[in-house]
Structure formats: structure tokens, C-alpha cells
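Undergrad: For reference, the chains in residue letters:
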Amino acid sequence: MDAEQADGNGSRRWKGRSLRRCEDDRLLRGEGSFTGDAAPADCLLAEFFRSPLACGRITRLDLDEARAIPGIVAVHDAETLGPVGPSSVNPLLPRAEMMPMFGLAHGRIEAVGQPVAVVIGENRNVVLDALETIALETDGVSGGERQREAGRWQSGDVEGAFASAAHIVETVLDHPLVAPSPMEPRACVAGYDGTVLRVRLSTQTPFRCRDDLAAILGLDPSGVHIVNTDVGGAFGGKASIMPEDVVTAACALRLRRTVRWTGSRAEDLLSATRGRGARTCARMAIADDGRILALEAKLDFDLGHWTPYSAFAAPRNAARILPGPYAVDRIDIRLVTHRSDRPAVNIYRGAGRPEAAMLMERLMDRAADATGLDRLAIRRQNLRPAESLPGLTATGERLDSGDYAALLRRLEIDAGLSDLGKELRRRRAVGETVGLGIALFIEPCGQGFETAALTLMPNGDIHAATGTSAQGQGRATATSQIVADRLHVPVDRIEVTTASLDDLDDGIGALASRGTAIGGSAMDEVAGRFMLCLREEARALGLDTTGNGRPGDSCAVLEGVAHERARRGLPPLSLSHRYQTPHEAWASGAVAAIVRIDGETGDIAVERIDWIDDTGEVINPLLVEGQMRGGLAQGLGCVLMEEILHDTNGQLVTGSLMDYALPRASDMPYEVHIRSKSVPSSANPLGAKGVGEAGCIGIPAAILNAIHDAIGAVGDDALQLPLTSQKIWRALRVGTGNRELR
Amino acid sequence: MGDRPVTVDRIEPDITILEWLRRTEGRTGTKEGCNEGDCGACTVLVGSLENGAVRYRAVNACIRPLATLDGCRLLTVEDLAAADGSLHPVQQAMVECHASQCGFCTPGFVMSLAGWMQEHEGPPPDDALIDEVLSGNLCRCTGYAPIARAATRAVGIGGGRLDTDPAPLATLRDARTLHVSDGTRHVFAPADLDALLDLLAERPGARVIAGCTDVGLWINKAMRVLDEIVWIGRVDALRSIVERADSLEIGAAASWQDALEPLAALYPGMRRMLLRFASRPIRNAATVGGNIANGSPIGDGSPALIAAGATLHLASRDGRRSMPLEDFFIDYGKQDLLPGEIVERISVPKPAPGSLYRCYKLSKRFDQDISAVLAAFSLERDGDTVTAARIAMGGMAATPKRAARAEAALLGQPWNRRTLDRAKAALAEDFTPIDDMRASAAYRMTAAGNLLERFFIESGEDDPDRENDLLALASVDA
Ligand SMILES: Cc1cc2nc3c(=O)[nH]c(=O)nc-3n(C[C@H](O)[C@H](O)[C@H](O)COP(=O)(O)OP(=O)(O)OC[C@H]3O[C@@H](n4cnc5c(N)ncnc54)[C@H](O)[C@@H]3O)c2cc1C
Ligand code: FES
Ligand code: FES
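Chains as they are written, first to last, in the numbering used here: chain F, 1 to 742; chain C, 1 to 478.
Because the hints were derived from the structure by calculation, they are not lab data.
Beta carbons are placed, not taken as given, at the ideal position from N, Cα and C, and that holds for glycine.
Any given hint could turn out to be false.
Stated by the list, open to error - With a cut-off of at most 20 Å between alpha-carbon atoms, the simulated DMTMM-like pairs for lysine to aspartate or glutamate come out as follows:
| no. | chain 1 | residue 1 | chain 2 | residue 2 |
| --- | --- | --- | --- | --- |
| 1 | F | LYS298 | F | ASP288 |
| 2 | C | LYS364 | F | ASP659 |
| 3 | C | LYS221 | C | GLU36 |
| 4 | C | LYS221 | F | ASP129 |
| 5 | C | LYS350 | C | ASP246 |
| 6 | C | LYS364 | F | ASP414 |
| 7 | F | LYS422 | F | ASP369 |
| 8 | F | LYS727 | F | ASP716 |
| 9 | F | LYS727 | C | ASP436 |
| 10 | C | LYS364 | F | ASP647 |
| 11 | F | LYS422 | F | ASP374 |
| 12 | F | LYS727 | F | GLU671 |
| 13 | F | LYS422 | F | ASP709 |
| 14 | C | LYS221 | F | GLU132 |
| 15 | F | LYS298 | F | ASP332 |
| 16 | C | LYS221 | F | GLU267 |
| 17 | F | LYS298 | F | ASP717 |
| 18 | C | LYS364 | C | ASP331 |
| 19 | F | LYS727 | F | ASP709 |
| 20 | F | LYS298 | F | GLU412 |
| 21 | C | LYS364 | F | GLU643 |
| 22 | C | LYS221 | F | ASP374 |
| 23 | C | LYS350 | C | GLU261 |
| 24 | F | LYS298 | F | GLU159 |
As the list claims (entries may be wrong) - With the C-beta cut set under 8 Å, the calculated list includes, among others, these residues of chain F facing chain C:
| no. | residue |
| --- | --- |
| 25 | ARG21 |
| 26 | ARG265 |
| 27 | GLU267 |
| 28 | PRO458 |
| 29 | GLY460 |
| 30 | LEU541 |
| 31 | ARG629 |
Whenever a hint applies, use it, and build me the whole structure from the sequences.
TA: Here you go:
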């Protein structure tokens, strides 16, 4: 643990320290309690019959044989399950087509893997036997591809700018669908005792799931209780209520029993929500001196066959954060969403930001090539000045704070970019295929509210309840640091409950990099107010408020109040708060990546990453670095190996972890240097920004640019994600005039 | 389990360790992340008596039947902390290095690292070793670097040796055949070879299992129901690896991890493939005999051993037979194995002095991936003339197969480009490659020829530095 630090008043400061996580001990001993770990003795098992076919009106669905198997308690299709209302969809794009989900397939199959029927039984074997007896036929007619212009962001005379431009550069980037792949697959355990539906759910958004379940099943929210549980990673893959959750809960309701569904990896790959899945095209008008005159983009996003709650977040983000950290007044960005016979697409770590960053950073490199300017110089020239913040972008977003030029400067100095450049030139001269890529990015960190509550326990300890949820971010540790500083007590006097449905009426959860900026601010504010309450209370109770111990240590006051209230039979003192962020906080960063390519095989090694990040005020550097490294690994996966593939019949090809490539230890870069250059956010009292998605945003863009730098002018078309060695190898052979081609 | 003996008598014969732990015992520290040996969330340590001490191996509990724990010590993440509650050095190091985030993969990493640390001596590990130790564990949260740091840190903390006292396990040893059943389905585990052969003679339809890394997937993924299972892992004679004057004798039930060093010592050209065979926890369970008996056309072991000139020894109650390994494979899914017969041992001859041997695994990923093509070559020369050539490949036919025509094209010829080109051309007559999602037939064919060429190039230079360079560059198999 870090040495204690003292602030001006002599009190210890907890924020900013690399405290070890209070969550770890339990998890390392195997005492974590994840959804699938809960198995009440009389629990029934649910499994889903999933469509083996890609589409069509259901012409035959035979469930009778399954129903007749001893040990099978119930088998339902949409008709017999009972009323299931539509799921809600966040209307972030009013013009996009909302396609809610209704649990099981209703008369039509819309995608391979879609749940068609649920089988409930006493044990796994009978349930699997029953599944095997179910037969499904369809007429094979597709639900059709439909597209909508879901949004358009326009400003200034774009046409004029292109007409007068000295250079026009363009690029097309395809982002394959990828699987969020939290290591814990999805799971749901639901029980009903006649009054309350108790649901244990592996989710990022327990409050919303409660409200969603209530609405979908026609219950009062007070009759739905979501049980707090450990969540084994999420990354957007557990952001929204899913058909399996709804159906499991509906079965528990009907049967008045506890029903458990534990999804397998195969089911996650087949029918959990996916991320990315976009084609992004853009062109940029450049003046002779390298100034960006205008940006025109068309973003096509696949939504699959239904829209989970956050389905529109990624496409909207991709559009609204263009043109990133650069000052561009004239823009025309068209966003088109598509319906297809595929599983649903939802947010995945980055959610639109990676798509925007890659597009912009490719254009910047191409602009450098077109104008003959240095890649750093052209970026420097076009970055928004720090003085322009807070300020509006051409897409109408309000950037709160940041100093992009300073990030780039720090990157140049700390990474020693000019020396690195020389070194690369030397290596090229001896025949190596190496490249350096630069990327800058911005990361919006969420809007809206979050809740927090504090309670003074009878022994003088503090119970802190936050509305945000945790899937590995170390939220409890960070929360305790925030509270400790406000209340002047050590962190070990604070116990934290995340996603605390017992203590809070409402809350959001962990999404959009918002946990610290918004959830932390809620906690910070309530703690500040609670401190005042405590002092007042101490005075009212006639206690000494100066504290008898060290200055700036309130333990004695807290204990005094707690004991006195307990003695007088008063309930524990408690305060709750709902914090609404006035503005969105925007994090930013700059990344340099060095790659080496094996000219004979196309194999790519990421040799080094240098990364300067502005995450605003940092509560716990250890946790921040953990988020950054984790994001980096996923960013690397997206750019180098991950891709969901279907064959021509709509069947999933990448149905197991043998065939869907997740990064392993040996895939990590040799060297990673992470530094932070923080500008506190002006959007919230903590000054915090988000960091959860950063690694997925800047890293892929920098690696992509580095690969282009290494292999020369092959054209952007030839290098589409994921950049497997096979693609690189082909690109090396197809392109002519490659300086490295032997 | 941990420190206490557990008796289980009525179970489903194919229940896995993982399912039993989680559902029957309610011990949920061990996680299920994939149920097919890919992610390592289910990693546990199995301690067994070997040469008078308990040896621990990290294995995947999700594909391993419970019955294979007879007489073994099972340690799960719940067992690692000391009696006073203090954490095992690996756990402690993971806290210090922030190596756990959501904690779902964590128990698996802890067990992989603890199993490795138990046998690790000497200086802290280098990156390559850590990557290899972690090759069977996936983490989506941490980006691995903190876990790798924790591995080094744990060695620094030191201690944490697991109990190797043989006494408790020795008392569990007996010569009786283990038989557990749920009433209709059965699993048997004979304690010696005679009992095993007798049992198989009586029950010729029973399914032999060894490491169960292939059969485990039939159960979990293909949902196959096996009525009678015979586990051969209790038979010590089948697990032995013995070096003779002119050969290495590998018991059929020896694991690939145990066979790795002895094989690589004889055939350095096999090491890299062996390190890339599945992942370490799979190699800890997977056996050499199982790989061969399974007969998969995309298995790595058989072509590598065929090129080395291995002989296969089969045994049944009626007697023993031997054959060149390549003759064992008749057709897709069809091996020359009679009912009641088992693979007993594999003899791998020591390479002739001056002979060349190389083995290349071509797959899309470096770790934990199935080969598109596995190509193994061995060559003897007298001066410039080829006096013996063995070429065997996987992924190129319905079985692991020798390239008879290409070999003939080499034999008696000078080892030069012209001969190489003829041999490359002959490969097209030897093979009709598989065509699937891993690679097209055309790709496999081209790659097979190119690998032969690579063998030629590598053999042309005796300078070991140059060879190492080529190996390092050889990201064709990365
Ligand atoms: C994640 C994963 C990765 C893998 N990666 C690879 C890889 O890279 N390369 C590769 O080649 N394989 C790989 N495999 C496949 C498998 O691990 C190997 O084939 C392994 O060697 C099989 O041995 P086993 O002891 O586990 O066989 P088992 O599963 O126990 O048995 C396999 C078959 O052999 C029979 N059998 C076993 N022993 C005998 C015997 N002594 N006599 C007669 N019949 C016998 C069984 O009846 C069964 O038909 C992988 C498997 C998994 C799950
Ligand atoms: S659960 Fe993934 S390897 Fe066993
Ligand atoms: S800590 Fe979450 S998967 Fe590793």
C-alpha cells in the first residue's frame, strides 16, 4: 500500500492512491458468488431450443414428445408461455427502426440461434434429452434486409469545401461483428414465492433489468427483486435484458419455482449480442496547407433482427464523436441502420468510438500522404486548441475539457518518437518490415444520473451504496476512497455495496465509461453532505465534534454519533442522493504503436505501445491502469484476430473458442508504456472522466496506422479488419510498389 | 479432495469433475467458461502417486471424468490458502499485481500458476515460459500483463509448496478394479494391465479413455452417451516412459507433457510442435496413445511420430501385435484396432547419426489451435545422396499419412532443388487434402509443398545460428 499522504489539513488522502482492491481476497479464494454459482436445492433447469435455421415462417414445431419425457416439468413456445410484452429500446436515434424483443420466436425465425422454445426439467440430462426430440421447420423466407437513414449531422457548406479543396482523401473501413465474450457466459436464476419475483442475473444494469422485467411481464416493479451478484465481465455483452432472462423469469412465475438458466459459451457465441458490425466510409477535403476543410461520412450499422435497449448507442456514438479531437466546422455525416437475419447487435466496449477513431485517424494519415506533411504536423495543426474547451463540436456535442496538443506533445517526448522514427528507418534499410502508427481519440463518458447512499452503522462504520454496478472495475475500492476523503475516515471503515438494489430505489449501472465520472460524483456529493449531517447530528446530540484523535480523523465523531443514536434507540443515520450530471465528460488520449511484420508470412508482432491518456482526476491509478490494459487487449483482439463468421446458409462458423480467436497471453505486445496527462473534467465535481473503453478506441487505430506505415501503399481496401497474417500476406503480394516487397 | 477422503459410489459414469464439484458438492470456486478445454476457467490440480511422491498436474476439470480421480488428490482454488487462512504465494502475488478484475477466470489462473510453481526451480520465469504456462487460460479483463507479473512475483515470494506426502494416497492404493455406476451405465478402472485386458475382452464394446481430452468433447459437445467406460490411467505400466539403447518407449497413457522433454531431447525438431500442442493443461492430461488411437486426420502426434519411424505396439488378452505406426490408420475414423485391443506403447527409434528431422505445425493461432497442416520430415543422406526419407502429414488426407511418392522421388537422388521440385510435385499424388473452414484443400496442398521446401532450405545450412534465425522467423506457424 502506498505511504500515507496528507493534505493541507493534515488529514489523510485516499483518492489518487494505488490502493489494492478490497474485492480481491474473496475472488482469489474462489469465494466469488456468480449467478451460476447459486443453485437452490429444488431448483429446476431451463434450456432453450434454438433455431438451427436462419429464417422463415414456422411451419412445424413439435413439442409434444419433449413434454412427455419423465422429469420434464414444462415445455413452452411463445404461444403457451403466456403474455410477454415488448422490451424497451433507448430511443437515441428517433428515426431508426425500433425492433423490440418478445421472448421466444413468434411465428417466425429471424436468426440462427434464436430461442424458439424453453424446456424446464428436473435435471440436465432429461432436459437435453427433451431438446433432442424437438423438430422445427420453416418456409425459409427471409425477414428481409431493411435500412433506414437513422440520423444526419450537417454543418456548413461541405460541398463548397470539397469543390475548393486542394486535396481530397477518402477511406472505407469494415468492422466485422465481434463477440464481447466476458469469461462468464450469461446466466439467470429466477424464483417466485407468490408475491416477489427474485432474479439473480449476470448483468451490467440491474435496476433497468428490474424495470424491464416488470414491464415485460406485467408486474409492479416493487414485485421484482434483483439479487446482487458477482458479474464475471460484461463489456456491453450484458448491458440489456435478453430473451433468455425474460423467459426464465416467466417460467419461474408460472411454476412458482426457482428456475436456473446457465448459458454456455456456445450459446453466448451463437446468440448473445454482438458488437461493431459496420461499414464506415468517409472523405475529407484538405487545403494546401494541410488544414481540414470538411468531412463527409456515411456509416452503415448492422442491427441484426432486434434492437436491445442500447442498440442505437454505438451507431450514434460513431456519428456524434466524429471528427474526434480535430477542429472541423463543415461536416456531413449520414448514419444508416440495417435490419438483417442475424442475432442482435448491441454495445461492445468502445461502442462506436473505435469506429470513429479509426476512420478519422486513417484519414489523417492519408491527408499527410496527400499533402506531403509530416503525420504529427498535420495532426498538430488540426487539433482543437485547449482554449476552445468547453465548446461545441460541429455535431453539436459539448466537449468539457482536454488538451489534445499537450497529449500529442507528451507522446512525442515520452515515447521519443523522433528517435523511434530513426530506428525504424534503420531497420527498414536492413530489410525489416516495421511501422509506426499514431492515433488520437476522444471518449465521451455518459450522460444522465446515478444514485448513492450512505449509512452510519451502529459501530461507527459506514455503509456506502452505489447505483453503479461492478464487473471487475474495482468499483468498491474506488468508492471507498471517495467516501474516505469526504468523511475523513480510513477506507477499512467503509463497506461498499455496488448496484445496491436494497438501499437505492433507482440507479443505472456500468455503461459508457460512466461509473466514476457520474457514479463517483454521486458518491462524492452525498458524502460531502453526509459529513455536514454528521457534524450537525453530533452537535445536536451534545457530542464533542473536534474529534479526540488525530486532526482530520472523524472516526471518533462517527463512533460517537453512532453509539449515541443506538443508545437512544434511533435508527442508523442515512442519506441518499441522486446526482444528475450537467454535462458529459470527455476523456482523450494519444497512442503510438510499433509493429513488425514478417514479410514472408504476414505475421504481425505489436512490439511497443506508448499511450498518454487524459482520464481526468484519477481515484486509483492501479484500477485505471487495469482498465486501460484490459481495453488494450480487447482493442488488439479487434484489430488483429476477432471476427464472427457465418456461412452462406447463415450458420455460425465461429461457434467455439477454438474457432473464435480471443487474445491469449502470448498475443500481448512486448512493451507497453502507459502515462497519464490529466486535465480535470469540468463536467462533474470529482473532475473524473471515463477510462473503461479507451483501450478499444485508440489502440486499434494506432495499430492499423502502424500496419499501413509498415507495408506501404496497398490501399485501405486491402487492409480490412481483422488484420490476420493471411490478409497482410496477401496485401504484401498484391500491392505493387511496396517498398518492402522482395 | 483437499485434505479429506471422499467416497463416491453411485454416479453417472461420465460426470465431469467440474459438474460434480459445482452441482453435487456445491464447491463453486472452479468455473465453467467454455466446457471444452479452451478457456482454463475450470483448471484444478490433480495429485497422483508417482515414484513415491505426489505429483500435481493442472488439468481442465470440464472435460475430465470424475472417475479418473480414483486414488488421487484433487485440489481446487478453495484448497490453496494455508490452514491459518494466509494466501498461497500465487494468490498473494495476484493481489499485489492487480491480476484479477472480474475474478471469473482467476481461480483457473491461480491453479495453473500454482501447479507450475510446484515444479519450478531456479530463477524467475522468462516471458516465453510464462506465456506457455498460461497458454490454456483466457482472461478478458486484465490484458494478461499483471498476471504475468504475478507469476514472477510469486516466485519471489516463494514457499507455497503443496503437500507431497505419499502416505495418504498410498493407503488408498489397491489392486481391485474400480467400478462405479449409476445403475445402468458403468465406468471401470483396472489397476494393472492383465485386469485391463481381461475386462476389455469381456466388454469389447466399452470405450477406453485415457486423458479424455478427445472423448470429453464427445460427451460435452456431441452429447454422446457412453454406457461403458474403461479408464486406463491407473495402469502404471502404461504411463511409463523408458529410454532404451536405441529407442524411446512411450507408454500409451503417458501424457504429452511428460513425453515432451524426452521426445524433444531425441528430436529437437519436434520441440516447437510439442510446445504448441494444445495448451499446457491439455497436455498434462492428453496422452500419446489417445492421440494415436483417436486416429484424427488433424492430430499432431501421429504424423510427427510416423516421420520419426515409430512402431506401434498393441495388446489384448489374446496377445500382442506391432506395426509401423502409419499402418495403423486404415481410413477416416477406422484404425487397425480389434475389439478388446488397446494401444500399449509406442517405440520411437533414436535418430540415425547425421539424420535430419523437422516438424511444422501450421495453424491460424500460435497457442491452442488445431492444425491446418502438420508436416513432419526426416532424412538421411550419404554424402549428397538421400538414403532414407520419411514424410508424414496431417490434414492432407482422411488419416495421418505418409507421402510414399514424394519419398520415392527423394530416395537415391541428390538433395538439391531439382529433387525437391520433383518431390513437391509428387505430393499432389500422395494427398487429397481436407477442405474445411480451417483451410481449403488448395491452400493445404500449396502449404504442404512449401513446408517441404522449407525443410530443404533449413537442411541446406548447417550453421545453427542461421537455423535459429529461420525458426524465429518461422511465424508461418504463428
Ligand atoms: C482444447 C483442446 C486442444 C487440443 N489441441 C490439440 C492439438 O493441438 N493437437 C492434437 O493433436 N490434438 C489436440 N487435441 C486433441 C486431444 O487432446 C489429443 O488427441 C489427445 O492426445 C488425446 O488423448 P487422450 O488421452 O485425451 O484421449 P482420450 O480422449 O482419452 O481418447 C481418445 C480416443 O482414443 C482411444 N484411446 C485412448 N487411449 C487408448 C489406448 N491406449 N488404446 C486404445 N484406444 C485408446 C479412446 O477410446 C478414444 O477413442 C486438443 C483437444 C482439446 C480439448
Ligand atoms: S471450462 Fe473452459 S476449459 Fe474448462
Ligand atoms: S479477471 Fe475477468 S476474465 Fe480475467
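Undergrad: Against each hint, give a clear statement of whether it holds in the structure.
TA: Against the structure, the hints:
| no. | hint | verdict |
| --- | --- | --- |
| 1 | F:LYS298 to F:ASP288 | 25 Å, violated |
| 2 | C:LYS364 to F:ASP659 | 9 Å, holds |
| 3 | C:LYS221 to C:GLU36 | 8 Å, holds |
| 4 | C:LYS221 to F:ASP129 | 14 Å, holds |
| 5 | C:LYS350 to C:ASP246 | 5 Å, holds |
| 6 | C:LYS364 to F:ASP414 | 35 Å, violated |
| 7 | F:LYS422 to F:ASP369 | 19 Å, holds |
| 8 | F:LYS727 to F:ASP716 | 12 Å, holds |
| 9 | F:LYS727 to C:ASP436 | 18 Å, holds |
| 10 | C:LYS364 to F:ASP647 | 19 Å, holds |
| 11 | F:LYS422 to F:ASP374 | 14 Å, holds |
| 12 | F:LYS727 to F:GLU671 | 25 Å, violated |
| 13 | F:LYS422 to F:ASP709 | 14 Å, holds |
| 14 | C:LYS221 to F:GLU132 | 13 Å, holds |
| 15 | F:LYS298 to F:ASP332 | 8 Å, holds |
| 16 | C:LYS221 to F:GLU267 | 12 Å, holds |
| 17 | F:LYS298 to F:ASP717 | 16 Å, holds |
| 18 | C:LYS364 to C:ASP331 | 26 Å, violated |
| 19 | F:LYS727 to F:ASP709 | 15 Å, holds |
| 20 | F:LYS298 to F:GLU412 | 32 Å, violated |
| 21 | C:LYS364 to F:GLU643 | 13 Å, holds |
| 22 | C:LYS221 to F:ASP374 | 54 Å, violated |
| 23 | C:LYS350 to C:GLU261 | 14 Å, holds |
| 24 | F:LYS298 to F:GLU159 | 15 Å, holds |
| 25 | ARG21 | 7 Å, holds |
| 26 | ARG265 | 4 Å, holds |
| 27 | GLU267 | 11 Å, violated |
| 28 | PRO458 | 27 Å, violated |
| 29 | GLY460 | 26 Å, violated |
| 30 | LEU541 | 39 Å, violated |
| 31 | ARG629 | 4 Å, holds |
Of the hints listed earlier, those the structure fails to meet are numbers 1, 6, 12, 18, 20, 22, 27, 28, 29 and 30, in rising order.
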